[in-house]
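Novice: Below are the chains, spelled out letter by letter.
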Amino acid sequence: MMSIVYILIFPGLLFLSIAGLFIEYVDRKIYARLQNRVGPPWFQPFADFIKLLSKENIIPGTEEKVMFRILPSFALAATVTSFLYIPIWGTNALFSFHGDIIVILYLLTIPTITFFLAGYSSHSLFPLIGSSRILTQYFAYEIPLFLAILSAALLADTWTINEMTAFYTQHTWYWLFNIIGFGVSIIALLGKLEKVPFDIPEAETEIVAGSFTEYSGRLLAMFRLSIDIEVVVCSALLAAVFLPFGMNLNPALVFLLFIIKVLFIVAILSLVRALMARLRIDQMVNFCWKYVAPLSFLQLIINIILQGVVI
Amino acid sequence: MGKIEIPIGPQHPALKEPENFRVILEGEKIVGINLRLGYNHRGIEKACEERTYMQDIYLIERVCGICSHSHSTCFIQAVEEIARVEVPRRAIYIRTLVGELERIHSHLLWLGVAAHEIGFDTLFMYSWRDREKVMDILADISGNRVNYGINTYGGVKRDITKEQLQKILKTIDMLEERTKYYIQVTREELSIIKRLSNVGKLSKAEAIEFNAVGPVARASGVDIDTRRDDPYAAYDEVSFKVITDNHADVYGRTLVRIGELMESYSIIRQVIENMPEGPISVKVPRKIPEGEALSRYEAPRGEDVHYVKSNGSDKPERVKLRAPTLANIKVMLKMIENYNLADLPIIVAAIDPCFSCTDRMILIENQDTRSSEVMDWKSLRQYSINWYKKRGIKF
Chain E
0 MMSIVYILIF
10 PGLLFLSIAG
20 LFIEYVDRKI
30 YARLQNRVGP
40 PWFQPFADFI
50 KLLSKENIIP
60 GTEEKVMFRI
70 LPSFALAATV
80 TSFLYIPIWG
90 TNALFSFHGD
100 IIVILYLLTI
110 PTITFFLAGY
120 SSHSLFPLIG
130 SSRILTQYFA
140 YEIPLFLAIL
150 SAALLADTWT
160 INEMTAFYTQ
170 HTWYWLFNII
180 GFGVSIIALL
190 GKLEKVPFDI
200 PEAETEIVAG
210 SFTEYSGRLL
220 AMFRLSIDIE
230 VVVCSALLAA
240 VFLPFGMNLN
250 PALVFLLFII
260 KVLFIVAILS
270 LVRALMARLR
280 IDQMVNFCWK
290 YVAPLSFLQL
300 IINIILQGVV
310 I
Chain B
0 MGKIEIPIGP
10 QHPALKEPEN
20 FRVILEGEKI
30 VGINLRLGYN
40 HRGIEKACEE
50 RTYMQDIYLI
60 ERVCGICSHS
70 HSTCFIQAVE
80 EIARVEVPRR
90 AIYIRTLVGE
100 LERIHSHLLW
110 LGVAAHEIGF
120 DTLFMYSWRD
130 REKVMDILAD
140 ISGNRVNYGI
150 NTYGGVKRDI
160 TKEQLQKILK
170 TIDMLEERTK
180 YYIQVTREEL
190 SIIKRLSNVG
200 KLSKAEAIEF
210 NAVGPVARAS
220 GVDIDTRRDD
230 PYAAYDEVSF
240 KVITDNHADV
250 YGRTLVRIGE
260 LMESYSIIRQ
270 VIENMPEGPI
280 SVKVPRKIPE
290 GEALSRYEAP
300 RGEDVHYVKS
310 NGSDKPERVK
320 LRAPTLANIK
330 VMLKMIENYN
340 LADLPIIVAA
350 IDPCFSCTDR
360 MILIENQDTR
370 SSEVMDWKSL
380 RQYSINWYKK
390 RGIKF
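Sequences listed follow chains E and B, in order.
Be aware that the first sequence starts at 0, since it is given in numbering that gives the first Met the number 0, and climbs by one per residue.
Be aware that the second sequence starts at 0, since it is given in numbering that gives the first Met the number 0, and climbs by one per residue.
Derived from the structure by calculation, the hints contain no laboratory data.
We put the beta carbon where it would ideally sit given N, CA and C, even for glycine.
Hints may contain errors.
Covered by chain B, per the in silico footprint, the following chain E stretches (three or more residues, Cβ under 8 angstroms) [stated by the list, open to error]: (1) 31-37; (2) 194-200; (3) 265-275; (4) 279-287.
Straight-line distance between alpha carbons at most 27 angstroms, and here's what the computed BS3-like set of lysine-lysine pairs gives [as the list claims (entries may be wrong)]: (5) B/K282 / B/K240; (6) E/K194 / B/K28; (7) B/K193 / B/K308; (8) E/K54 / E/K194; (9) B/K156 / B/K15; (10) B/K28 / E/K289; (11) B/K132 / E/K28; (12) B/K393 / B/K377; (13) B/K132 / B/K203; (14) E/K194 / B/K15; (15) B/K203 / B/K333; (16) B/K319 / B/K329; (17) B/K28 / B/K240; (18) B/K156 / B/K314; (19) B/K377 / B/K389; (20) B/K193 / E/K289; (21) E/K194 / B/K193; (22) B/K203 / B/K329.
Facing chain B, a subset of chain E residues (Cβ under 7 angstroms, in silico) [stated by the list, open to error]: (23) S123; (24) L124; (25) E203; (26) E205; (27) V207.
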């Protein structure tokens, strides 16, 4: 019984939906203020969501109608599930098992794959180009992201996110060793969440809306919601791995601190979004393999040495 | 990966006007491109011939939504040349002033559009906010934000007061500060330089061969500017530099346009300083004597050419417009080839296209039969009725 509450209400679907839409508002507001605009009112993302739900659901004439329909649910389910393993009110997450950090990382790649499949099953030209760009981009950012997060786990000598948080809470200043990894994962996150300068798969002036071009109504609303939730979950993961201070306080305080950390990461993402132009796909891949990937390897080497020397 | 053909337009987020590019892609690379105009053909030349000269001013002003003053001045200059009208100095200065304000408005607009095409929405918002200031000035001195309606045969319709001139000077100072900031941004921001450099290359020889005009030609190192080469209005009495650049790519075009903004500020200052007193218009007869004239004008997008032939009545016999985009469109097709699909929007935007100015009636040839067919309004209507009837839709 309790599990259903966890999955559907807190910290599951309902809480995440509200948090995701709220974070979208924060992102849009910061972005607007940086651009000298007023920005949307607080209920705008909710209103957009409800409006999309009431819109007509158009399904293109493709052979893969079933795929086209179920992909948004897949994306949503994967992001929501991964949140259950992230500690938010203390050093202990709701569910935990050995190796859960790898499961989280893989659950978080499922949305990307569904975006790719969504474009592929739309049978339309712009989504097709968009989905090929998603895959190209995926291979550029995913490895640095994995390496950065796993090298933090390596320092703690565990594959469980709970033990990792406990380790960093015990050794208060050790998170400073992972600062390169934090930078790398912020950059990789921009690619994962398809934000400027890496919003290449949905570059609207080139390929309309990328793989979501054929989506409308309820299905698009679901995709949008899962992207919003993905922002929360990814920021939460980064907060848990790279900013693990103050986790041994009162649970309410820790939760408050967690929200502040997530907002901080979202603010960084919005800031970068406002400061840059979109890169080309070849420039993006080049940049990731020339600079970001070597940095993540550097982080890995540093942590291997530290683990041998210090601990 | 095989070749795929994708349609960009007539409705596409990158394009602000309806036109159709059929792009042949190999992976992400563009290997062929086909342009189809004609979605916005309005038959303005013919319409001008059926209206009086007075009505034509209003029509010509609506050729383009942005360089409306350029087109009307260019047309009026041709008519005044045929009628041998001596335009008062003050009117000429006011025309120059509005023309330069229009150039600022157009280039700031372009900067925003270009930034949006490369996904840099912050610069887009900033430059369009500053553009509002110019629009405010224009609304203040002419009463309208885009179709100013300040020109008339033999002068201008509205005078400018001293207070208005002071206000313009103040706004120009502010805009100059902002433009310096944009120069700094375009010279230093790495993601802009990455996206714009070495994209849409056009060598000097090619620019001359394909007859490029305006900032596109100047960015390839071709030193042409009608304002200096064939001075009209008050341009022979002000001093300014013709901005050229040797980058010969989209980045060069950006630098040229921003450089021209700075020159425009200086021209406006000189015009305001030297503005003579006196009447603002002289009377021109309704019937224009027989004759013909060709008039050139450096619009923000390049050289605008109008040809007017009169037959002694109150309606022109023939009016021919050549908007700058028509000259640049061939160049654009040349520039797009062999670049990425991601570069297409910015290369198209870099010539600052105005497709409604350019639109011509085109005949489309059937590829198999090599024939084309022209339909008049009646047969087109009949065709559409038959089309719906065939599908069981009743009228």
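Novice: Each hint needs a verdict: does it hold in this structure or not?
Specialist: Hint check:
1. 31-37: Holds, because 4 residues of the segment 31-37 of chain E bring their Cβ atoms closer than 8 angstroms to Cβ atoms of chain B.
2. 194-200: The restraint on the segment 194-200 of chain E holds, since 4 of its residues have a Cβ under 8 angstroms from chain B and three suffice.
3. 265-275: holds (count 3)
4. 279-287: Holds, because 4 residues of the segment 279-287 of chain E bring their Cβ atoms closer than 8 angstroms to Cβ atoms of chain B.
5. B/K282 / B/K240: violated (35 angstroms)
6. E/K194 / B/K28: holds (23 angstroms)
7. B/K193 / B/K308: Not OK: B/K193 and B/K308 at ~49 angstroms, beyond 27 angstroms, violated.
8. E/K54 / E/K194: Since the Cα atoms of E/K54 and E/K194 sit roughly 26 angstroms apart, the hinted pair holds (cutoff 27 angstroms).
9. B/K156 / B/K15: Measuring from Cα to Cα gives roughly 32 angstroms; hence the hint is violated.
10. B/K28 / E/K289: The hint holds at about 23 angstroms.
11. B/K132 / E/K28: holds (24 angstroms)
12. B/K393 / B/K377: Holds, at roughly 19 angstroms.
13. B/K132 / B/K203: Roughly 36 angstroms between the alpha carbons, so the hint for B/K132 and B/K203 is violated.
14. E/K194 / B/K15: holds (24 angstroms)
15. B/K203 / B/K333: With a Cα-Cα distance of about 13 angstroms, the restraint between B/K203 and B/K333 holds, given a limit of 27 angstroms.
16. B/K319 / B/K329: holds (19 angstroms)
17. B/K28 / B/K240: Between B/K28 and B/K240 the Cα gap is close to 38 angstroms, so the pair fails against 27 angstroms, i.e. violated.
18. B/K156 / B/K314: holds (21 angstroms)
19. B/K377 / B/K389: Within the cut-off at roughly 18 angstroms; holds.
20. B/K193 / E/K289: holds (15 angstroms)
21. E/K194 / B/K193: holds (18 angstroms)
22. B/K203 / B/K329: holds (15 angstroms)
23. S123: violated (10 angstroms)
24. L124: holds (5 angstroms)
25. E203: Where the cut-off is 7 angstroms and the nearest Cβ of chain B is about 5 angstroms from E/E203, the hint holds.
26. E205: holds (5 angstroms)
27. V207: holds (6 angstroms)
Hint compliance for this structure: hints 5, 7, 9, 13, 17, 23 are broken, all remaining hints hold.
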